[in-house]
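A.B. asks: Just so you know, the sequences run in chain order Y and U. If you count by the numbering used here, then the first sequence holds residues 1 to 374, one letter each, in order. If you count by the numbering used here, then the second sequence holds residues 1 to 382, one letter each, in order.
Because the hints were derived from the structure by calculation, they are not lab data. All C-beta atoms, glycine included, are put in the ideal place defined by N, C-alpha and C. Any given hint could turn out to be false.
What the hints assert, rightly or not - In silico EDC-like links for lysine to aspartate or glutamate, alpha-carbon gap of 16 Å or less:
1. Y/Lys-183 to Y/Glu-195
2. Y/Lys-5 to U/Glu-148
3. Y/Lys-330 to Y/Asp-350
4. Y/Lys-113 to Y/Glu-133
5. U/Lys-319 to U/Asp-335
6. Y/Lys-193 to Y/Asp-212
7. Y/Lys-243 to Y/Asp-184
8. U/Lys-380 to U/Asp-47
9. Y/Lys-152 to U/Asp-47
10. Y/Lys-5 to U/Asp-371
11. U/Lys-380 to Y/Asp-148
12. Y/Lys-142 to U/Glu-4
13. Y/Lys-193 to Y/Glu-234
14. Y/Lys-182 to Y/Glu-195
15. Y/Lys-152 to Y/Asp-276
Claimed, not checked - Per the computed footprint, the stretches of chain Y lying under chain U, defined by three or more beta-carbons under 8 Å from a beta-carbon of chain U, are:
16. 11-23
17. 38-47
18. 150-158
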Amino acid sequence: MYMTKYPCVYMRGGTSKAIIFHKKDLPKDRSLWKSIFLKVMGTPDVKQIDGMGGTVSSTSKIAVISPSEKENVDVDYEFFQVDIVIPRVDTSANCGNISSAVGPFAIDEGLVKAVEPITIVRVLNTNTNKIIEEHVRVENGKAMVYGDEIIKGVPGTGSRIDMYFENPGGAVTGKLFPTGNKKDIFDIEDYGKIEVTVIDCANPVVFIKADDLSIKGTELVELNNNKKVMEHIERIRCMVAEKVGFVKQWQDARTQSTSVPKVSIISKPQNYIDMDGNEVKENCMDICCRAISVGSVHKAYPMTVAIATGAAVRLNGTIVNELINQLEGKDIIRIGHSSGVTNVDIKMKDSEIIKGGVTRTARRIMEGYIYIRD
Amino acid sequence: MYRESFTIPCSIIRGGTSKGVFFLENAVPPEGELRDKVLLSALGSPDARQIDGLGGANSLTSKVCIIGPSNRDDADVDYTYGQVSLDKSMIDWEGNCGNLISGVGVFAISNNLLKPVEPMTTVRIYNTNSNKIIHVTYPVKDGLALSEGEYSIPGVPGTGAKLKVEFFDPSGSLTKKLLPTGNTKDLIDLGDKGKFTVSIVDAGNPVVFLNAKSLGLIGTELPMEIENFKGKLELLEEIRSVCAELIGIVSDKSLALSKSPAYPKICFVTDSKDYVNSNGDIIKKEDVDLVARMASLQKMHKTFAVTGAICTGAASKIKGTVVNDIISKRAMASDTLILGQPYGPMEVTIEMADGIILKEGIFRTARKILDGNVYIPYSKVK
Numbered sequence: 001m002y003m004t005k006y007p008c009v010y011m012r013g014g015t016s017k018a019i020i021f022h023k024k025d026l027p028k029d030r031s032l033w034k035s036i037f038l039k040v041m042g043t044p045d046v047k048q049i050d051g052m053g054g055t056v057s058s059t060s061k062i063a064v065i066s067p068s069e070k071e072n073v074d075v076d077y078e079f080f081q082v083d084i085v086i087p088r089v090d091t092s093a094n095c096g097n098i099s100s101a102v103g104p105f106a107i108d109e110g111l112v113k114a115v116e117p118i119t120i121v122r123v124l125n126t127n128t129n130k131i132i133e134e135h136v137r138v139e140n141g142k143a144m145v146y147g148d149e150i151i152k153g154v155p156g157t158g159s160r161i162d163m164y165f166e167n168p169g170g171a172v173t174g175k176l177f178p179t180g181n182k183k184d185i186f187d188i189e190d191y192g193k194i195e196v197t198v199i200d201c202a203n204p205v206v207f208i209k210a211d212d213l214s215i216k217g218t219e220l221v222e223l224n225n226n227k228k229v230m231e232h233i234e235r236i237r238c239m240v241a242e243k244v245g246f247v248k249q250w251q252d253a254r255t256q257s258t259s260v261p262k263v264s265i266i267s268k269p270q271n272y273i274d275m276d277g278n279e280v281k282e283n284c285m286d287i288c289c290r291a292i293s294v295g296s297v298h299k300a301y302p303m304t305v306a307i308a309t310g311a312a313v314r315l316n317g318t319i320v321n322e323l324i325n326q327l328e329g330k331d332i333i334r335i336g337h338s339s340g341v342t343n344v345d346i347k348m349k350d351s352e353i354i355k356g357g358v359t360r361t362a363r364r365i366m367e368g369y370i371y372i373r374d
Numbered sequence: 001m002y003r004e005s006f007t008i009p010c011s012i013i014r015g016g017t018s019k020g021v022f023f024l025e026n027a028v029p030p031e032g033e034l035r036d037k038v039l040l041s042a043l044g045s046p047d048a049r050q051i052d053g054l055g056g057a058n059s060l061t062s063k064v065c066i067i068g069p070s071n072r073d074d075a076d077v078d079y080t081y082g083q084v085s086l087d088k089s090m091i092d093w094e095g096n097c098g099n100l101i102s103g104v105g106v107f108a109i110s111n112n113l114l115k116p117v118e119p120m121t122t123v124r125i126y127n128t129n130s131n132k133i134i135h136v137t138y139p140v141k142d143g144l145a146l147s148e149g150e151y152s153i154p155g156v157p158g159t160g161a162k163l164k165v166e167f168f169d170p171s172g173s174l175t176k177k178l179l180p181t182g183n184t185k186d187l188i189d190l191g192d193k194g195k196f197t198v199s200i201v202d203a204g205n206p207v208v209f210l211n212a213k214s215l216g217l218i219g220t221e222l223p224m225e226i227e228n229f230k231g232k233l234e235l236l237e238e239i240r241s242v243c244a245e246l247i248g249i250v251s252d253k254s255l256a257l258s259k260s261p262a263y264p265k266i267c268f269v270t271d272s273k274d275y276v277n278s279n280g281d282i283i284k285k286e287d288v289d290l291v292a293r294m295a296s297l298q299k300m301h302k303t304f305a306v307t308g309a310i311c312t313g314a315a316s317k318i319k320g321t322v323v324n325d326i327i328s329k330r331a332m333a334s335d336t337l338i339l340g341q342p343y344g345p346m347e348v349t350i351e352m353a354d355g356i357i358l359k360e361g362i363f364r365t366a367r368k369i370l371d372g373n374v375y376i377p378y379s380k381v382k
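One chain only, chain Y, in its complex shape (with noise of 0.2 Å):
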C-alpha cells in the first residue's frame, strides 16, 4: 500500500549521475536488487519520468558500497549500469567516472576516517575485481568541492581526486599483452598489410599509427564520413577481436565484440582545433590521439583507453613507444584528444605497470529517502 524507501546519496562521479546505497541499507537477499534498481531509475522507459534516471546511458548508474573485510581494502564499491529502454542491469564492467565519486562518499559517509590535507581511500571494484586508490582532498572532515580542476564536460572547476587504477594489466584478458606480442602485422584484404600494438591495460585497446591510415590524426567526428577509413579502422579492430580470442571470425566482432577491443589512433603531437572550436598546441600534448568506440570517434577520450595509451607510450617495442620515443622515465602522459588534453600518470617497475593514474572531480548533489513502488 504505501512505498518503501531506502536511503541514498545522488552523486556526480567526472561525467557520469549516480545513486549511490550503503550495502547495508539494501535488503540483503541481492536477487531482490534488480528490480528495485529498475524502479529507481524509471526503467523502462525511455523518459525515465517516473524515476531518477535521466534518458542517457551516464546519468542511469547505480553503485553499492560498504566498508571491505580485504586487507588494505577501505570499500568494497560495486557499479551497475542500468539501461533505459530495456529492463537489464548490466555488472559485467566497473564505470571510470563513477569510481571518482566512491573516495568522497565513503569519507562523508564515515566509512574512512577524514584526514587532511588528503585522504587516500583504497577501494575494490567488485565488477573487475581490481583496486582503485583514490586520493580526495579534504578539509573540515568533509570531501572538498572546490577547485581549479576542469573536466571536459562538467561546466566550471572542482577539487581534484586522483585516481591510480592497480595493476591495470590483463584487465580483461588476463594479458598486457593479449596477442603475445608488443607489435603484430596484420594483413587486411583490399587494404593491404599494417602494424598495429594490441595492449590490455583497463580495457584492451588497438593502436594504429595515423600515417598508416593515410589520416592526419587530428580529424575530429568528421572522420565518421570517411567510410573507406572507418571501414579499414573496423575491418583491423576484427582481425584483432579473432586473433585475441573474442570471436571466432574476426566478422562476428562487428556484432558480438563491438565494444572491445578499443581503437585509438595515434600520431605526434600537432596543432588543432577541438569540438568546442578551441586550440590545442602541439607543445601541450605528448601524443595527439583519436579515439574509436562503438564504430566512431569518441568526442573526448575515454579514461580506460587513456590508461592504455600511457602504458603504451612508456612500454618499449610498441609502436606507440617507437612514435613517441623522447619520454625517457616521465610518469605524467599528456594525450591530446577530440576535446583537449588528458593527463595520465603511469607508474612502472621494471617493465610492470603497478597504476594508471587519471584526475576528475565529483560533487554531492543531494542525500535523503528513494521511494520505490512494491
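Based on these hints, arrange chain U on the given structure of chain Y.
C.D. replies: Chain U only, in chain Y's frame:
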C-alpha cells in the same frame, strides 16, 4: 566553521508526465536574483546535460515548484512554478505547469501544510503564475497522500492513484482574455515562408493553434520525426514569436526566444486519424476527437502539456477556431474532449455556462521519487 556548500530540503516528485524539484517557500530565498541562482545551481543549469545537478537535461524534467501556505480564503497552498532553462542562466516564471500541479498536494500533505482527511482530501491550490485556483483530490490514508492505484495515463509506465485536477475559470491565464487578439483566427504573414492561419487561445496557458496541413504535415507524426524534418521547429518558433508579440507577451518578436521561450506554447492539430504512438501501439481514430502535437521550449513536447490540453479543450468549444473546425461529431455534442497526443488519448472535461468556461478537469497520477537535501555550493550564489 567554513563550509563550501549549504543544503536545502526538497523533494523530487513526478506529477503526470513531468518531474520537478519541490521546495517549501520558507526554505528558499524570496523572489529575486538570489532565489534564481540557488535554483539554477540545484538543477545544474546552465548546462545542456545538467550533469552537476538534479535536472534531467530535458524540458519535462527541468522544473521547480515553490509551495507555501496560502493567505487566500479560497486556497490551502500557494504554488509558484518555474521552468528552468537548460543552457541559459534563466528561469521562466511566466506560466504554469499543469502536470506538476498534481504533485503539489503530495508535497503539501507530507509537509503538513494542510490537515488531510480520510479517505479523500481536496487540496485547494492557488497558482501564483497564472493567478488561478486549481483543485486536486487525493486518496489519503494515515495522513499521507497515496500514490498506488489502478489508473494509467499516456506517457507514464504503470499505474497510480487517479487524481482529479480541476482548473477553475481557466480563461485568460496570462493575457486576461480567452481570445487575446479578440479573434478566433488570425493570419500570420511570414513573407516567403507563407501565410499561416492560427487561433490564439489563453486558457490554462496561452497556446497558438494551427492545422497540421498548413505546416505541410499530416499531424500524426511523432515528436522525433517532426524534429528530423528540416526547418519545421524553426518555422514553429517563427510563428510563435510573431504571436507572442501580437498578444503583448513581448514588445517585439525578436525578443520571444530570449524573454519568453515557454509561452505562448504552439500546437498543431488534425481531425481524428489512426496513428502509431511513441510506444509503437496503434491508437484508433474512433478513440480520439482530434490528433494534436505540441512544441515547448523550441523542441517537440514528448507528450502533451496539461495546460495545453486545458487550452485545447477551451478552443474546441469556441466556434471558428482551427481546433473547433476539426473535432469529431462526438466532441461537438459532449462536455469532454479526447485529444490524441504522442502517447495516446488524453481526456479533458469542460464545464460551461452561458458561453463562459467555469471549470476544466483532467486526471493525473503523481508520485514522490526522492526527498532529502540538495547541496548548493556557495560559489554558485555569490
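A.B. asks: Determine for every hint whether it applies to the structure shown.
C.D. replies: Each hint, compared with the structure:
Proximity of Y/Lys-183 to Y/Glu-195 is assessed by CA-CA distance (about 7 Å); at most 16 Å being required, the pair is judged to hold. Distance hint between Y/Lys-5 and U/Glu-148 is fulfilled; the C-alpha atoms sit about 14 Å from each other, no more than 16 Å. With a C-alpha separation of about 14 Å, the suggested pair Y/Lys-330 and Y/Asp-350 falls inside the 16 Å cut-off, and the hint holds. Only pairs whose Cα atoms come within 16 Å are accepted, and Y/Lys-113 paired with Y/Glu-133 is accepted, the gap being roughly 15 Å.
Simply put, U/Lys-319 and U/Asp-335 have alpha-carbon atoms about 15 Å apart, close enough for the 16 Å limit, and the pair holds. For the given pair, Y/Lys-193 sits about 9 Å from Y/Asp-212 by alpha-carbon distance, which is consistent with the 16 Å threshold. Note on Y/Lys-243 and Y/Asp-184: the hinted pairing holds, with a Cα-Cα distance of about 10 Å set against a maximum of 16 Å. Only pairs whose Cα atoms come within 16 Å are accepted, and U/Lys-380 paired with U/Asp-47 is accepted, the gap being roughly 14 Å.
Restraint check: the Cα-Cα separation between Y/Lys-152 and U/Asp-47 comes to about 12 Å, which is no more than 16 Å; the hinted pair holds. Distance restraint check for Y/Lys-5 and U/Asp-371: the Cα-Cα separation of roughly 10 Å lies within the 16 Å cut-off, and the hinted pair is therefore satisfied. For the hint linking U/Lys-380 to Y/Asp-148, the alpha-carbon distance of about 15 Å falls within 16 Å, and the restraint holds. Of the pairs offered as hints, the one joining Y/Lys-142 and U/Glu-4 holds, with about 10 Å between alpha carbons and a cut-off of 16 Å not exceeded.
At most 16 Å may separate the alpha-carbon atoms for a hinted pair to count; Y/Lys-193 and Y/Glu-234 meet this at roughly 14 Å. Under the criterion of a C-alpha separation no larger than 16 Å, the hint pairing Y/Lys-182 with Y/Glu-195 is consistent with the structure, at around 10 Å. Of the supplied pair hints, the one linking Y/Lys-152 and Y/Asp-276 holds, its CA atoms being roughly 10 Å apart against a limit of 16 Å. Closer than 8 Å: that is the beta-carbon criterion, and the segment 11-23 of chain Y has 4 residues meeting it against chain U, so the requirement of 3 holds.
With a cut-off of 8 Å between beta carbons, the segment 38-47 of chain Y has 5 residues touching chain U; three or more are needed, and the interface restraint holds. With 4 residues carrying a beta carbon less than 8 Å from a beta carbon of chain U, the segment 150-158 of chain Y meets the three-residue requirement, and the given coverage holds.
This entry satisfies every hint, going by the numbered hints stated previously.
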